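Number of protein chains: 2
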Amino acid sequence: MKIGYLGPEGTFTHAAVEAIFPHIRNVPYHTIPQCMDAVRDGEVELAVVPLENALEGSVNLTIDYLIHECNLPIVGEIIAPIEQHLLVHPSQLDDWMHVERIYSHSHAIAQCHKFLHRHLKHATYEYVTSTSAAAKYVSEHPEEKIAAIGNRLAAKQYGLAIAKENIHDYDYNHTRFIVLHRERDLLPVTDKEDGFKTTLMVMLPKDQAGALHQVLSAFAWRKLNLTKIESRPAKTGLGNYFFIIDIDQKMDDVLIPGAIAELEALGCTVQILGSYPYYTVKKTSLV
Amino acid sequence: MKIGYLGPEGTFTHAAVEAIFPHIRNVPYHTIPQCMDAVRDGEVELAVVPLENALEGSVNLTIDYLIHECNLPIVGEIIAPIEQHLLVHPSQLDDWMHVERIYSHSHAIAQCHKFLHRHLKHATYEYVTSTSAAAKYVSEHPEEKIAAIGNRLAAKQYGLAIAKENIHDYDYNHTRFIVLHRERDLLPVTDKEDGFKTTLMVMLPKDQAGALHQVLSAFAWRKLNLTKIESRPAKTGLGNYFFIIDIDQKMDDVLIPGAIAELEALGCTVQILGSYPYYTVKKTSLV
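So the protein lines, in turn, are chains A and B. Using full-length UniProt numbering, you'd call the opening residue of the first sequence number 1 and step up by one each time. Using full-length UniProt numbering, you'd call the opening residue of the second sequence number 1 and step up by one each time.
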């Protein structure tokens, strides 16, 4: 069995995969669509891609590609803390406060604003496509006065030293990753899950005032608790949306099917994107 | 009076500003935050920035900066069609089918996928920060076999020829731009508006199942029609959101204040982001 993930090696997606599936071979893919296509085409059995970050919001490309291009069931979710460290070439470890340029993804740089402002105010920023690409660049240029912002796995992967640990501004930053499979199969995870979720896509009937209120009523009177509702453009015109709704329980025989039947009777299109266990990565277990 | 907009010159934001405020001096800004700061700091009286595209969804940076960093009232909205053209240096007009590289914003290239696949399959893509930056690059490199994808204004601004008109895949693509002002003032627009909207930010009370359903009930039983509801992370932890809600009418003395009072009684935090006229740009009026 193989798991594809959004690479390159040393990304937060890679760290999440290693934490939850330590014994399964994993393969990096260059983009989210390539990673999802690899499951559809049978190159790998599972794919792990980011879905939502607590600070930046949803990864629209993941949601849009899942709905419009590559319809794979969600079979699991991984919630992982985002801990950013300042990484330098080992030869520069004692001199980290004099680095002149800092490489990272724009989100990672934004997440460490306070530390950078306080300790490295003179440094300039170079935005690259991922935190691990930044770590790779720093490892390949030991003569330059530069640092990367990234995770512990990237430091290990590219032989960098951690000059300063946990330099992110907010302690509660997490990212949700979804696990996709070609069929609605059980996950090969031995540890106990932290809970279950069911995710639906709901398209409202056209031009009907109050339709979303009716949709939520179908869940509310059944006491089905929604942990998330998010709109995305349906790509059929400005003002046409579909909704992604997360229910905090496993698919059952009565309540969720009853709500779906009611929504369909109201003229909605409903699709079950998955009913799956979720796993929370503890702060220390991120390799 | 001066209007700041998300530049550089020749962007779709620039075209929207020229269509609705033809007689007011306009000033390009490099980023959305810089454009909004310029209004707050009094450099310009108004700012126009993109809020939402029919294909790509919301411009998160605009919403987040407005809520978390720079609280300015919305005083107007411009809805403009997005028409993409293939632009080349005039010396290459007869030879456009042999261009080897195409420059544009990644969204613009994605929006013309079918045309590019059919007519320029051999060409490679170079992603730049805006359609007008692409047009500028093409104008400065007349000897290279390259083209840009952008609007009519960018062609005019940088002296390029339109090799192929309307190469976008979907005819209904529009972008919504908001007009910001330091105070809740009337807009200096003489033409008649196409309608009015009121936009609210609603933060739900913590850990209360069904709270969003209650919020929507407050609007539904008053027959206040919502044209949009969107969630964004509150930046206080995974699963904490605020909602942006658009109501398709002007602020009144009874219904909307009544709904807001009810929401506050439920423990919600409500902020009126603006109550404003909206203007639709016709396809032909985009300079």
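Careful, some of the hints might be misleading.
Identical chains blur together in the list; that is why a pair holds if it fits in one copy or across any two.
To be verified - Subject to a maximum C-alpha distance of 16 Å in a straight line, what follows is the list of computed EDC-like cross-link-like pairs (lysine to aspartate or glutamate):
| hint | residue 1 | residue 2 |
| --- | --- | --- |
| 1 | Lys197 | Glu100 |
| 2 | Lys282 | Glu262 |
| 3 | Lys228 | Glu264 |
| 4 | Lys235 | Glu56 |
| 5 | Lys145 | Asp94 |
| 6 | Lys156 | Glu140 |
| 7 | Lys235 | Asp171 |
| 8 | Lys223 | Glu45 |
| 9 | Lys235 | Asp169 |
| 10 | Lys282 | Asp171 |
Derived from the structure by calculation, the hints contain no laboratory data. It should be emphasised that the depicted structure is a prediction, and the values quoted were computed from it without experimental measurement.
Please list, smallest to largest, the hint numbers that this structure does not respect. When the structure is compared with the hints, numbers 1, 2, 3 and 8 turn out to be violated.
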